[in-house]
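In this text, residue positions in the sequence shown follow full-length UniProt numbering: the first is 1, and each later residue adds one.
Hints are not guaranteed to be accurate.
[Unchecked claim] What follows is a set of in silico ranges between Cβ atoms, one per label pair, in the way DEER data are often shown: (1) Asp-228 / Gln-360: 39 to 47 Å; (2) Gln-186 / Glu-128: 27 to 35 Å; (3) Val-29 / Asp-351: 41 to 49 Å; (4) Ser-76 / Asn-202: 33 to 41 Å.
Hint data in this document are derived by calculation from the structure and do not stem from the laboratory.
Backbone N, C-alpha and C define an ideal beta-carbon position, used for all residues, glycine too.
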Amino acid sequence: MVFYYRQGEVPKKRHTVFMKDNLLLREEVFGLNGFSGRYSLLYHLNPPTRIAKVGEWRNNVIEEWKDAGYKHHKLSTSKLRKSNDVFLDRIPLIFNEDVIISYAKVDEGESKLFYRNADFDEVYYIQEGEAEFRSVFGSIELVQGDYLVIPRGTTYTFNFKRYSELLIVEGRQVEIPRQHRNDYGQLIEGSFYYNRDIKLPNLKTFNEKGNYNLVVKTSQGFQSITLDYHPFDVIGWDGYLYPFALNVYDLEPITGKLHQPPTVYTTFTANNFVICTFVPRLFDYHPNSVPISYYHDNVDADEVLFYSSGQFMSRRGISKGDITLHRGGHVHGPQPGAVESSLSKRGSYNDEVAVMVETQRRVKLTNYAKEVDDPSYPLSWYIP
1 MVFYYRQGEV PKKRHTVFMK DNLLLREEVF GLNGFSGRYS LLYHLNPPTR IAKVGEWRNN
61 VIEEWKDAGY KHHKLSTSKL RKSNDVFLDR IPLIFNEDVI ISYAKVDEGE SKLFYRNADF
121 DEVYYIQEGE AEFRSVFGSI ELVQGDYLVI PRGTTYTFNF KRYSELLIVE GRQVEIPRQH
181 RNDYGQLIEG SFYYNRDIKL PNLKTFNEKG NYNLVVKTSQ GFQSITLDYH PFDVIGWDGY
241 LYPFALNVYD LEPITGKLHQ PPTVYTTFTA NNFVICTFVP RLFDYHPNSV PISYYHDNVD
301 ADEVLFYSSG QFMSRRGISK GDITLHRGGH VHGPQPGAVE SSLSKRGSYN DEVAVMVETQ
361 RRVKLTNYAK EVDDPSYPLS WYIP
């Protein structure tokens, strides 16, 4: 995050003795980029370094679809199997050195594990369902359409209140876009969303002994460890680094007389990619406008688009939950007839919701993507 937030009890001065019920609390500096980036200070009942047991290591090397070629793709998440665990068993579909895009379908119930991603920030998009996110910083209630942003290194778990489907994006330096905020971190007038739209964690402290299994994920695999105390033993924290949520229906789209580029829908920036959100909005209203995206070739980028809900006016044959990958160097845009049909919709309302991840480096597809790929998609613009 980019603004200061505080929960629970904290001492008057940092790095000073802090007692509660005759117990010396343990201060943790939770930060990024060494000691020069954003951070928060957390106050634990137990030393956060304490580990009762080191468990198994599990490799997690993503298998690339080697003969995917260099072309457009359409993937159907409806054909993916259920995941046994949202963290250990999410299904990676698209990846490169900077980003991993996965999908998970999970049943109702509480996760039996605690999670911590050591290498990547995580963005969960709640496509369907309802859950309580629980973390060392506190809890956030999640509903359909929520983005959940989790800084790397955060210890957390989930309680899924019903069957849920989630799009998951892993990367580094996931932030609120600089163009949306002033020098103080406040979201400016005319930005895509406002500070009041952001859902923040509510702290709940657990002072319980037992056996608590934590899985730490790196880019290479999963390390299991066991704690003899509940990891959410924080009685207070403050700072600029913490999880938060944002619902797509609270976003404020910027519209115009003529077509607006996807940059106005930038929701989060990250290291070598951005996340944009196309949300319900008014179509362009100039009397001669073409209220639909133009043909375009993002030469220096690959474009991943997740179709969440609504009517996707630029394409036929797209279903809720589909993912398209449009390659830089290949032109893409409206299908035949879509431009003509859009002319009658000037000034009307579009109910589409879609999540776009645009990368600055070429992405690869996994063998899981191969199983749900539509090989005819690159020809979907062709009418003989």
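Cβ distance range 27 to 35 Å for Gln-186 and Glu-128, holds or violated: At 33 Å between Cβs, range holds.
CB-CB spacing for Asp-351 and Val-29 relative to the 41 to 49 Å hint: For Val-29 and Asp-351 the Cβ distance comes to about 45 Å; the hint holds.
Distance restraint hint 39 to 47 Å, applied to the beta-carbon atoms of Asp-228 and Gln-360: holds (44 Å)
33 to 41 Å as the expected CB spacing between Asn-202 and Ser-76, which holds or is violated: Holds - the Cβ-Cβ distance for Ser-76 and Asn-202, about 37 Å, lies within 33 to 41 Å.
The structure agrees with every numbered hint stated previously.
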